[in-house]
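*Asks:* Now for the letters of each chain:
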Amino acid sequence: MAKRYPVRVKVNGVEYERSVEGRRLLSDFLREDLELTGTHVGCEHGACGACTALLNGQSILSCLALAVQVDGAEILTVEGVADEAKLHPIQEAFWENHALQCGFCTPGMILSALALLKENPRPTEEEIRVGISGHICRCTGYVNIVKAIQTAAEKMAETSQTKGTVQNV
Amino acid sequence: MKPAPFDYFAPTELQEALMLLERHEDEAKILAGGQSLLPLLNMRLARPKAIIDINRITSLSYIHKDNGSLRIGGLTRHRMIENSAVIQEQCPLMTEAIQWVGHIEVRNRGTIGGSLVHADPAAELPTVVTALGGEMKLVGPRGDRTVRPEEFFVSFLTTALDSSEILAEVRLPIWPRPTGYSFQEISRRHGDFAVVAVAVLLLLNDKRECENSSIVLAGVGPTPLKAKRSEGLLTGKKVTRELMEKAGGLAAEDSDPSSDVHGSADYRREMVKVMTRRALEEALAKAMQNAK
Numbered sequence: 003m004a005k006r007y008p009v010r011v012k013v014n015g016v017e018y019e020r021s022v023e024g025r026r027l028l029s030d031f032l033r034e035d036l037e038l039t040g041t042h043v044g045c046e047h048g049a050c051g052a053c054t055a056l057l058n059g060q061s062i063l064s065c066l067a068l069a070v071q072v073d074g075a076e077i078l079t080v081e082g083v084a085d086e087a088k089l090h091p092i093q094e095a096f097w098e099n100h101a102l103q104c105g106f107c108t109p110g111m112i113l114s115a116l117a118l119l120k121e122n123p124r125p126t127e128e129e130i131r132v133g134i135s136g137h138i139c140r141c142t143g144y145v146n147i148v149k150a151i152q153t154a155a156e157k158m159a160e161t162s163q164t165k166g167t168v169q170n171v
Numbered sequence: 016m017k018p019a020p021f022d023y024f025a026p027t028e029l030q031e032a033l034m035l036l037e038r039h040e041d042e043a044k045i046l047a048g049g050q051s052l053l054p055l056l057n058m059r060l061a062r063p064k065a066i067i068d069i070n071r072i073t074s075l076s077y078i079h080k081d082n083g084s085l086r087i088g089g090l091t092r093h094r095m096i097e098n099s100a101v102i103q104e105q106c107p108l109m110t111e112a113i114q115w116v117g118h119i120e121v122r123n124r125g126t127i128g129g130s131l132v133h134a135d136p137a138a139e140l141p142t143v144v145t146a147l148g149g150e151m152k153l154v155g156p157r158g159d160r161t162v163r164p165e166e167f168f169v170s171f172l173t174t175a176l177d178s179s180e181i182l183a184e185v186r187l188p189i190w191p192r193p194t195g196y197s198f199q200e201i202s203r204r205h206g207d208f209a210v211v212a213v214a215v216l217l218l219l220n221d222k223r224e225c226e227n228s229s230i231v232l233a234g235v236g237p238t239p240l241k242a243k244r245s246e247g248l249l250t251g252k253k254v255t256r257e258l259m260e261k262a263g264g265l266a267a268e269d270s271d272p273s274s275d276v277h278g279s280a281d282y283r284r285e286m287v288k289v290m291t292r293r294a295l296e297e298a299l300a301k302a303m304q305n306a307k
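Each protein sequence line maps, in turn, to chains B and G.
Take the first sequence: its position 57, counting from 1, is numbered 59 in this note's numbering, and each next residue is one higher.
Take the second sequence: its position 120, counting from 1, is numbered 135 in this note's numbering, and each next residue is one higher.
These aren't lab readings, by the way, just hints derived from the structure by calculation.
There's no promise every hint is true.
Heads up, simulated DSS-like pairs for lysine-lysine below, C-alpha to C-alpha not over 25 Å straight-line [claimed, not checked]:
hint, chain 1, residue 1, chain 2, residue 2
1, B, K5, G, K17
2, B, K5, G, K64
3, B, K12, B, K120
4, G, K243, G, K288
5, G, K64, G, K17
6, G, K288, B, K5
7, G, K80, G, K301
Some, not all, of what chain G presents toward chain B, calculated at C-beta under 7 Å [claimed, not checked]:
hint, residue
8, F21
9, Y23
10, P26
11, L29
12, P54
13, E120
14, N123
15, R124
16, G206
17, V210
Quick reminder that beta carbons are idealized off the backbone N, C-alpha and C, glycines included.
With the hints as extra help, turn the sequences into a complete structure.
*Replies:* Structure representation (structure tokens):
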């Protein structure tokens, strides 16, 4: 029996305590152990961006981190972005701008967009494109994703939304 | 696409990590940011018996300015270097180049020590550290030693680091303020490894002639390649367009690129010629600006 290690982590505001094998990837921990399957797994070697989650507020690739490493940390996944039944402005903008088709890349895109807008609330188109450059989308051609993030930035600036999950992580 | 089993250790002190390394001899791997090691583990190209995670040794993450040099802890993350005002002011070549390292998600996690130890010859940081004339401080069971890039980078993914050692610090000399610099890269997608990259530093004297220069290429050989003949050509001369063309030609001649799916050897050599000239032009423009 392989050795197991304790992990205590706050994901989307909820405390979890589990024990994992050393080799357990954070992406698999989220999906299999916590049953948070919103985090998608594409390439498993850091090329596609689908598994992006926020670790203590910073975007990271959850397939390139071990579950045991996040002991004591706070994680945000796509499940924690909406405010209960009310979609986050970024999610709404993705919906309204047809920024997703198959939806596979969407959770990662949304989390990187969230991290980007937190750091830079009024990004230029160029800055948005750099911000999502680690994500591959095979459906949209990116144009509507960029549009959605622009729309979300404007909306968030309008309502100067300072509450919500972004500030909690 | 899942790592093979391993024992996991998360020391909080450097000494503890060194003891663990010694205990496991060649069977252990140091885990820093994991942006190169985790893909290798996931693909089972690496199957270490033990992983020694140094992320909790927070004393290895820092950026300090000393007399004439910058000292960067081995565990310092790319993003911290990218956003550092001290680095921007004292070593703008680094600020420019580090934005080419991976994507934001990778830079949030990856570390300078990890990138140097991984020693991919197409990576940005080994190229920049070589161009600046930096030094690596390696800590082992029998004490410290300081190694220059020319000795440190041995071959593809191979360095002079012993399996019992940890790269604890990178020291970068601060070049005089008027130094012009440029970092140019071609990659298939921004953030991917370079097909070819060039780092240039250029310092002019009072007569606006080249006093000192550094030209280093990535992606064209087993280690970062210092284009010594090109540097020598510039020394003591006025840096004209013709001279820059010639320097680019020499750099291309001295390159030994291989062909792969991203580009043929001939294409890479041609790009070295063009990009070395472009990098020199940009560095020269900056040096002239600074000389005003």
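*Asks:* Does each hint hold? Answer for all of them.
*Replies:* Right, here's what the structure says about each hint:
1. B:K5 to G:K17: OK: K5 (chain B) and K17 (chain G) at ~16 Å, within 25 Å.
2. B:K5 to G:K64: Holds. K5 (chain B) to K64 (chain G) sits at ~12 Å (cutoff 25 Å).
3. B:K12 to B:K120: Judged against 25 Å, a Cα distance of about 20 Å means the pair holds.
4. G:K243 to G:K288: holds, 14 Å
5. G:K64 to G:K17: holds, 15 Å
6. G:K288 to B:K5: Not satisfied, since the Cα-Cα distance of roughly 54 Å exceeds 25 Å.
7. G:K80 to G:K301: At roughly 23 Å apart (the allowed maximum being 25 Å), K301 (chain G) and K80 (chain G) satisfy the hint.
8. F21: Nearest chain B Cβ about 5 Å off; hint holds.
9. Y23: holds, 3 Å
10. P26: Nearest chain B Cβ about 13 Å off; hint violated.
11. L29: Not OK, violated: L29 (chain G) not within 7 Å of chain B, min 18 Å.
12. P54: Interface hint status for P54 (chain G): holds (4 Å vs cutoff 7 Å).
13. E120: holds, 5 Å
14. N123: This interface hint holds because 4 Å falls under the 7 Å limit.
15. R124: Hint on R124 (chain G): holds, closest Cβ of chain B at ~5 Å, below 7 Å.
16. G206: holds, 5 Å
17. V210: violated, 16 Å
Of the hints listed earlier, those the structure fails to meet are numbers 6, 10, 11, 17, in rising order.
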